[in-house]
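Engineer: FYI, in numbering that gives the first Met the number 0 the residues of the sequence shown are 0 to 438.
Rather than coming from a laboratory, the hints here were simulated on the basis of the structure.
We put the beta carbon where it would ideally sit given N, CA and C, even for glycine.
The calculated BS3-like cross-link candidates involving lysine-lysine, where the alpha carbons are at most 25 Å apart (straight line), are:
(1) Lys117 to Lys78
(2) Lys150 to Lys117
(3) Lys75 to Lys96
(4) Lys228 to Lys270
(5) Lys78 to Lys96
(6) Lys96 to Lys150
(7) Lys120 to Lys75
(8) Lys184 to Lys150
(9) Lys96 to Lys117
(10) Lys275 to Lys228
(11) Lys120 to Lys78
(12) Lys96 to Lys184
(13) Lys117 to Lys75
The following label-pair restraints were derived from C-beta to C-beta distances:
(14) Leu369 to Ala313: 46 to 56 Å
(15) Leu297 to Gly104: 14 to 24 Å
(16) Pro190 to His82: 23 to 33 Å
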Amino acid sequence: MKLLIGICLLLVAFRAVNARNVWSQQIENFYHLVGKIEAALQREALEILSSLDLKWHEEIWTNANMSRQCEEDMLKFRKDLFHRENYALHMLDACGKPPSGILTGNLNWPGSYSQCVKVTKEENNITFDGKYFMANLVLTESNNQTNIPMKLGLCVPSSCTENDVILQIENNLFVWSMVNWRVLKVTAYLPEVAPINPWTVAAILICAAICILQLVGTTYDVMVVRHRKAATEKTPEAIANGAKSHEVSPGQEGISCRLLLAFSVYNNIEKLLSTKQSPDSITCLHGIRFLSLTWIVLGHTYYFSLESVDNPLAVFEISKTFTFQVVLETMLAVDTFFLVSGLLMTYLLLIRLEEGIGDGHSIKFGMLYLVRYIRLTPALLFVMMVTTWMLPELFMGPLWHSGQPWDTFESGCWENWWTNILYINNIVHIDHTCIGWPW
0 MKLLIGICLL LVAFRAVNAR NVWSQQIENF YHLVGKIEAA LQREALEILS SLDLKWHEEI
60 WTNANMSRQC EEDMLKFRKD LFHRENYALH MLDACGKPPS GILTGNLNWP GSYSQCVKVT
120 KEENNITFDG KYFMANLVLT ESNNQTNIPM KLGLCVPSSC TENDVILQIE NNLFVWSMVN
180 WRVLKVTAYL PEVAPINPWT VAAILICAAI CILQLVGTTY DVMVVRHRKA ATEKTPEAIA
240 NGAKSHEVSP GQEGISCRLL LAFSVYNNIE KLLSTKQSPD SITCLHGIRF LSLTWIVLGH
300 TYYFSLESVD NPLAVFEISK TFTFQVVLET MLAVDTFFLV SGLLMTYLLL IRLEEGIGDG
360 HSIKFGMLYL VRYIRLTPAL LFVMMVTTWM LPELFMGPLW HSGQPWDTFE SGCWENWWTN
420 ILYINNIVHI DHTCIGWPW
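All chains, please: the whole structure from these sequences, using the hints.
Structural biologist: If you want it as structure tokens, here you go:
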């Protein structure tokens, strides 16, 4: 019998190993196929780009009065472009070009930042790298008083400065320059990683400390508290026969132990997923909160994406539809939270008033406000810390750093962080706030 079981186990193990080898081979074949498709698409794209008529570069390039090194590198780039060099075609392809949908407001032509910065002198035997610029332009002949700017991505040699790029645009050195542009702003976006800010290090250390506390708290909860509860738990029959339960209640735990348990992942998940309700709770408020929060997230999803959509004028058309009113009226969901907060505050105050009258004690309103401040402020400070000290170091590129509202939030937090701590950000410096959602 034992021999039969052993043979069965060996067969199962052999079958599992064989299935794993087959699966690994299928994955390898899949990646090989993807690689072949990618190479074919790249060759096809290069052939299409090589067939373009690039004579617009030939006569006017040396008349731009650029810096000497930039001019030499641009001439080298032009020469290699005529010879259909791979890196030059990649740089040209990385520049922004007129897309479809211009009449629907598509004035954001970023090109390809990642494709531009991948051009390096080491790999292509040249004296420069690819350098990405984002230019904000308006038409010089425009009679429109609003002058909505167009954003254009450019990939040029790394020796060129912002002023060189401005001269290139003003001298019509690009295929899209069939009209005259006025440059509002040119910004370079470099792939180099800047030195880590000391405040970022502090934020990382704080997050690491919280993770360590979670690890220690969870270990203490599982290995000590729950193990002790299981060991000391008595059955009703044993207690009826005179046995005593030595279970330690949460109130009997020391302060340090209770602090550790507050960071227990196991304990917190158990509480979050628990469906038990307090006898004094208003259960319908949970559903109201969920629906209102979902509504707000929906509205903010549309709001934050408006900066990079390619058909912003379509928003005006869709805003006239009945179904889209759900998105436009997202602000009404905030009133729900005002109502719920006021209701709960009044409800708890009435309970405490009733208890205070019964015990002959008065309500300490100062302590009420202090407890509420202590409950809300640490979470707010943590969000401010992540937004100001960590997010700028986690992402890079033109669409992140030039987009709203993160740049505004970051600078606002450095200057006006104290208004959030004092909860006066709705009154002081309202045009330059630190993170917008605690209003």
